[in-house]
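Per the numbering used here, the very first residue in the sequence shown carries number 725; after that it's consecutive.
Don't take every hint at face value.
[What the hints assert, rightly or not] Pair ranges (Cβ atoms, derived):
#1 K793 - I841: 31 to 37 Å
#2 K813 - R838: 19 to 25 Å
#3 D828 - R790: 35 to 41 Å
#4 E785 - S811: 42 to 48 Å
#5 G762 - K813: 32 to 38 Å
#6 K747 - A794: 33 to 39 Å
#7 H840 - G776: 20 to 26 Å
#8 D852 - E799: 45 to 51 Å
#9 Y827 - G769: 48 to 54 Å
#10 E785 - Y827: 15 to 21 Å
#11 A766 - H855: 26 to 32 Å
#12 K747 - A830: 22 to 28 Å
#13 E800 - G762: 31 to 37 Å
#14 E854 - A830: 40 to 46 Å
[Claimed, not checked] In silico lysine-lysine, DSS-like type, Cα no more than 25 Å apart, as pairs:
#15 K875 - K807
#16 K773 - K793
#17 K773 - K740
#18 K877 - K793
#19 K773 - K813
#20 K793 - K813
Since the hints were derived computationally from the structure, they do not count as laboratory data.
Every residue gets a Cβ at the ideal spot worked out from N, C-alpha and C, and that includes glycine.
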Amino acid sequence: RQRQMCIRDRVKNIMKTIAELEKYLEEECYSFYAITIGKHMAPEGFVIKQDGQEYIYGYSERGFLRTIKASESEEELVNYALKDLASDKWNRAHLVARMWSEYDAAEAERELSRMHIAFERNDVHNCDTEHRRLCRIFVFGRDILRLSDFKRKYIQDP
């Protein structure tokens, strides 16, 4: 709870530029798989950028950018984008386990539970020509920083 308040205070008092937002997203371990900002270039997903005198927050898909919000105020746009990005936990999601074996997936879940790390399982059914289920486990935000060994153990080639 205290950590949440510190983050909220820091965001409230400092967030004025796209560069500051980018730094904040990095520090809080947002996933840049679908967020384009600064040096982070996602193939598709949310885009935060300056275009001439205007600041744009949009969504890019198949090469088309749909503007969600445009503003002449960088600070206004940054705060809008942060609020929107923070409202969906999947913007902070990181894949930490991928395997075919239900047994291995259950073991990975037990290990994460022992570490007191919140996770979500999101399996893909009929994933291949053999109609197997691919087991996937995601964690959110800064928890990814604790799991480099875990990922090596549980991310298996499909």
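Taking the hints in turn, this is what the structure says about them:
In this structure the hint that K793 and I841 lie 31 to 37 Å apart at CB holds, the actual value being about 33 Å. For the hinted restraint 19 to 25 Å between K813 and R838, the CB-CB distance of approximately 22 Å keeps it satisfied. As the Cβ distance of D828 to R790 is approximately 40 Å, the hint placing it in 35 to 41 Å holds. In this structure the hint that E785 and S811 lie 42 to 48 Å apart at CB is violated, the actual value being about 19 Å.
Between G762 and K813 the beta carbon distance is about 22 Å. The supplied range of 32 to 38 Å is therefore violated. Distance hint check: the CB atoms of K747 and A794 are about 23 Å apart, inconsistent with the given range 33 to 39 Å. Separation of H840 from G776 is about 48 Å and departs from the stated range, judged on CB atoms against 20 to 26 Å. The beta-carbon spacing between D852 and E799, approximately 48 Å, falls within the hinted interval of 45 to 51 Å.
Look at Y827 against G769: about 34 Å separates their beta carbons, and that is not inside 48 to 54 Å. About 37 Å separates the C-beta atoms of E785 and Y827, a value inconsistent with the hinted range of 15 to 21 Å. For A766 and H855, the hinted distance range of 26 to 32 Å is satisfied, since their beta carbons lie about 31 Å from each other. The hinted range of 22 to 28 Å is not satisfied by K747 and A830, whose Cβ atoms lie roughly 38 Å apart.
For E800 and G762, the hinted distance range of 31 to 37 Å is not satisfied, since their beta carbons lie about 18 Å from each other. Range check, E854 to A830: about 21 Å between beta-carbon atoms, so the 40 to 46 Å window is missed. The hinted pair formed by K875 and K807 fails the criterion: a straight-line CA distance of about 30 Å is larger than 25 Å. Between K773 and K793 the CA atoms are separated by roughly 11 Å; this keeps the pair inside 25 Å, and the hint holds.
The straight-line distance between the Cα atoms of K773 and K740 is roughly 13 Å, inside the 25 Å bound, and the hint therefore holds. For a cut-off of 25 Å, the pair hint linking K877 to K793 is broken: about 42 Å separates their Cα positions. With a C-alpha separation of about 22 Å, the suggested pair K773 and K813 falls inside the 25 Å cut-off, and the hint holds. Pair hint K793 plus K813 holds up; C-alpha atoms about 21 Å apart against a cutoff of 25 Å.
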